[in-house]
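**Student:** In the order they appear, the protein sequences are chains A and B. Using my numbering, the first residue of the first sequence is number 1, and each one after it goes up by one. Using my numbering, the first residue of the second sequence is number 1, and each one after it goes up by one.
If you're looking for bench data, these hints aren't it; they were derived computationally from the structure.
Since copy identity is lost for identical chains, a pair holds within one copy or between any two.
For lysine-lysine, the following DSBU-like pairs were computed, each having C-alpha atoms within a straight-line distance of at most 30 angstroms:
1. K440 - K428
2. K347 - K258
3. K258 - K306
4. K521 - K576
5. K258 - K416
6. K374 - K258
7. K38 - K428
Being a predicted model, the structure only gives us computed values, none of them experimental.
There are 2 protein chains.
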Amino acid sequence: MTAAVTDFSPLFNPRSIAVIGASQDLTRISGQPIRALKAAGYQGHIYLVNPKYPELHGLKCYPTAQAIAAPVDMAIVAVPAPGVAAAIRDCGKAGIKFAVVLTAGFRETGTAGVEMEAELKRTADAAGVRMVGPNCQGMVAVPSRVWACFGSISEEIELSPGDVSCVFQSGGFGYAIVNLAELQGVGFRTCISSGNETDLTTPELLEAFLDDPGTKLAFAVIEGTPDARRLLDVGRKALATGKPVLIWKSANTEAGAKAAASHTANMTGRADLFRAAFRQSGLIEVDDVEPIVDIAKLVSQGRRAKGRRIGALSISGGSGIVFADRCVREGLTLPPFSAATVAALSKIIPAFGSSENPADVTAGIFNDMGLLTKTLEIVLQDPGIDQLTIMLASIPGAPAERAAEAIVAAAAKTDKPMHVAWSGRRSKSEAAYRILEAAKVPVIPTPVRLAQAAAVLARFEEDRIRLGSRKPPAPAKPVALTLPTGPVALSEAESKAVLQAYGIATTREVFVAENESLLAKVAKLSPPFAVKVVSRDIAHKSDVGGVKLGLRDVLSAEAAAKEVVANALKAKPTAKIEGVLVCEMASGLEVLIGVVNDPGFGPTVALGLGGVLTEVLRDVTYRIAPFGIDDARDMIGELKGARLFAGYRGQPAVDTEALAAMLVRVSAMAYAMRDRLAEMDINPVFVGASGAVAADALVVVK
Amino acid sequence: MTAAVTDFSPLFNPRSIAVIGASQDLTRISGQPIRALKAAGYQGHIYLVNPKYPELHGLKCYPTAQAIAAPVDMAIVAVPAPGVAAAIRDCGKAGIKFAVVLTAGFRETGTAGVEMEAELKRTADAAGVRMVGPNCQGMVAVPSRVWACFGSISEEIELSPGDVSCVFQSGGFGYAIVNLAELQGVGFRTCISSGNETDLTTPELLEAFLDDPGTKLAFAVIEGTPDARRLLDVGRKALATGKPVLIWKSANTEAGAKAAASHTANMTGRADLFRAAFRQSGLIEVDDVEPIVDIAKLVSQGRRAKGRRIGALSISGGSGIVFADRCVREGLTLPPFSAATVAALSKIIPAFGSSENPADVTAGIFNDMGLLTKTLEIVLQDPGIDQLTIMLASIPGAPAERAAEAIVAAAAKTDKPMHVAWSGRRSKSEAAYRILEAAKVPVIPTPVRLAQAAAVLARFEEDRIRLGSRKPPAPAKPVALTLPTGPVALSEAESKAVLQAYGIATTREVFVAENESLLAKVAKLSPPFAVKVVSRDIAHKSDVGGVKLGLRDVLSAEAAAKEVVANALKAKPTAKIEGVLVCEMASGLEVLIGVVNDPGFGPTVALGLGGVLTEVLRDVTYRIAPFGIDDARDMIGELKGARLFAGYRGQPAVDTEALAAMLVRVSAMAYAMRDRLAEMDINPVFVGASGAVAADALVVVK
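Only chain A is shown next, with the shape it has when bound in the complex (with noise of 0.2 angstroms):
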């Protein structure tokens, strides 16, 4: 991948734009970015390229882009598909930097256009061109007034600027998003139709929003990406910037993967992983266009909630009520107020309001709108709140004109976020919107999509303290192992001598060959033993009887060595039989942790909790591997049955951090070995009041 040293700004704000395959038709896909960056006024010079026409809708029309002989920071690409390679090959020649391929044809219409597609990512390598597409919609820079685009965007030309940009994999979808969002207020900068993404991914991209000066936040619509891994640079990018990205990862269910699979022929991954991805490097999920709007609205207001918790004021119970509701499920707390708020609000508020958090100044402001500058008055001073809520139900007219005034007056003295949920009737209530969007304070229309989106402003900053100073480990040094060619599953002693290899307890244990004598070897071992065949051929010794546990003394563990074997043999006569494993056993709470090599993610470590809570309820953690101490401690915290770590019903308290530093072991270990891991299982990890232990391990190499 190219680092993100490239400077976008040809892209973003080009001063001049070449059209390569200019139609004369203004009707097509190869005509409508003429007309689209005309409607909405660019400035920056057009140079039309088509070697058919000398001349086209007034502009000289240039046979190839290197003809131009001026400079040209971007062109936009709407040649027939097998003309494309040859058109960037152009744009290169002449110095282009970006390229926005709208033609369709390429790998999402099979084998062929695979080919084609990777010979056209060949060709912009060579020619030294960024590409963004192909098979997309193509772009907008509001701010420019670069609509370099076909289709409905086209002819939306009326979108407002602002401060927000955003990448997406589908045209058609992605700026139905960007109408939905800015006709709720939201203000854009740089909006981008990723397309197949065959050179420029979401993550580069985000990564280039992040860096762009103008944006306050980013947000992708994703299928699927190979540089899924990215994502956690851009996550950190975000979280060093506090500029928030939002990622709403679709195609994350059986049917919508097959969609995907015909749409833009996207890796589409595990929605599990993205998800632990999130978590861990401090990007925001979302699942629908309105999250995105509150989210935004707040962030555009420029403030910091210092922590979780909300101060709330409404002119209705009700709204209190599912506000503090849905606040408390989002992970934010309504603190009571300070004895003396609530000692000054007791005197102005009614008796059948309240003067708790969240306070209810009563429909009493209609009569006397001082009594809510009073209240935000007082309740500013509190300094035991972080953010603060104002609820104006759905008031229309001049009360809601007064109210917007004494709440934009009471922002000017405060830095802490403050915001509105108001559902006035527009048509009634024109004067008291423009005050509010004057000043900046967000107005999202229900209590409950404000509780939601305040809660995502709090985490924000909570993750930039949290996560924000965590750095990925460096990578382990990959330990010399002699491991078999090929995809093979390895033994369980194999397995166990590579985790060992890498740091990795396992129970104390020998191996006994076939022609060994057991009773020499287990000589040091403590009883009680496990007994267990060891070939490479059984990969799932239990169910074959190649298992024994509780052997008592070393004569039981000899004869448990014989029959585990002839055990084996009688299930799979071919197999071939190493030995047996002879092992102390452990006890424990009793764990499995995981590693799959992900195509998108790379080695990703799994943490799930023995037994039926893993097995009936799925209860299951990642995080992409390496990661340090601070990373595996969330992970054990955030199973859902991490109660159990305390102990229950009189089991003692185990040992977590041995855990922990178990699971960062295990992540620099499948980091190091990733070029040959395929998967891996440590099934079970015995962790017990001091220690924990591999007792059984499989790990398969590719």
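Fit chain B to the supplied structure of chain A, relying on the hints for placement.
**Tutor:** What follows is chain B alone, placed relative to chain A:
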């Protein structure tokens, strides 16, 4: 409670209205309804009542309601709190059947208010006046132009008529919902702010809405109600009438409940029991305004989804993906189209689109709207789908208008629900919106919201079949039992005797009193045994060493009996020991069955899986007692760990039918004993391969 035979037409469609306490000042609470009724164009007669004036606002003013001497259907009462009871008495004498009491200052203000409110209720009952409120914002009946209310809703007279009726305890918040929903295209019929619900409660009003022929859907926003059990009747009536009832239950968190306590002083109740009642009776839970809007629009179309299978067409693949994701999450299926459908679609849909469900007809419709028309025709002939969604992204203008025409034409030829996800700018697409609205084809702005609403439509129809035929069983006859008086926890032996009296199987066991011979009494039991101390004073026997398990013979049992008694006395020297219980050990999957006697819902049965699932993950489900075998089976099936019943790690499947039968008996018992039962725990119940037995029980009487 008064049964629902009340004729509510004088309230919903009054021919004449009296305003008791009419004010000279139209800006006061007692003046606003007069202004609102006139402004809204109410056509019936308005009688003003106030002994201070002979005439007011150009109308004759009467000293009392009785003095009107003409039939009056409904009164608006706005006199100060101490005078409300007298006003209601006056209404009764005047033959007025309904009063809407706006006045506040009752139980929400404290002890004196509680008594005044109780007196008001007695007065209304005696006078034969049914009462909305007090402490409410009043009601609006849109088709009859009744604006019997104050506050900002008294100025929102532009609400358009429709088929949705609603009730909410918080007027300010409720009318904000009405406003916001109306702005999004929902038409209303009767809207009632119910305030303190001293007489008419949310459940009774919902039933009245279901009886109203003009109401197609009803919703309630409810903090809590002592009448909670009646919600089950509402749900059953909703299923019987085919009119969905949506409930937004608020005050579900400690913070929310605290806010509610200071608001309407409503008993808020346990959210998990409300949720159980919804599932049990077919009520639909909502938690924000948008779901209400979306479901109301779909219901208003008047079409029924015959199953969960949904078909989808989009002009943008990305919409289809998120739509499919959400449909699946909400329990819908997107079945493959039939081979004939796919074959026909493949002939017309471009290669870069998709002929599978969700079909992607592509933006090709911009050039050829016939593509959409033909696709609709083909898909609607597919017998495998029950409803159809068309996703138009945000296409504006003429293409939107042509698409709307194509959709409306197709909708006219089918009775399947058809709906559109579209966010075109209204300012550019007014014609298209009007075409769809005129044909009652619902338009929802995002595919996600539409998927959610379509799922509700399908589930409601499914519930009509699945739940609609279930009748609550006839209450069991109470068994004559000698129970101690006063609140007391029965001993295990006494508790099990209660269970046995209601036909609930317990472990085979004998009670051995302090002075009896254990050896003689246990002769008929087979080991292994459990021995437990019996004492009302020891509720948690295990905690004090009062239980010994797995005793292999009678002599061990005898020794254990001495030990458990000694342990109990050591832990609680004052305990009155009655003897010991010697039980045969049972085995199987452990579950627990509990009974709570909720102040709102009455006796309610809980089911949880034993051990870690209940205690760590709170995997518990509820049903309001009494209930039949189908509800019991639902309880078993909806536990998160339900898969354990089918056998786990080689365990055999257990007898869920025996467990279901036990749940039914417990529910019958709980209802029969509702006047005495405080709570009950049967923990554990062992569900074996055949049969289920209660191994321990604790009955607490009140």
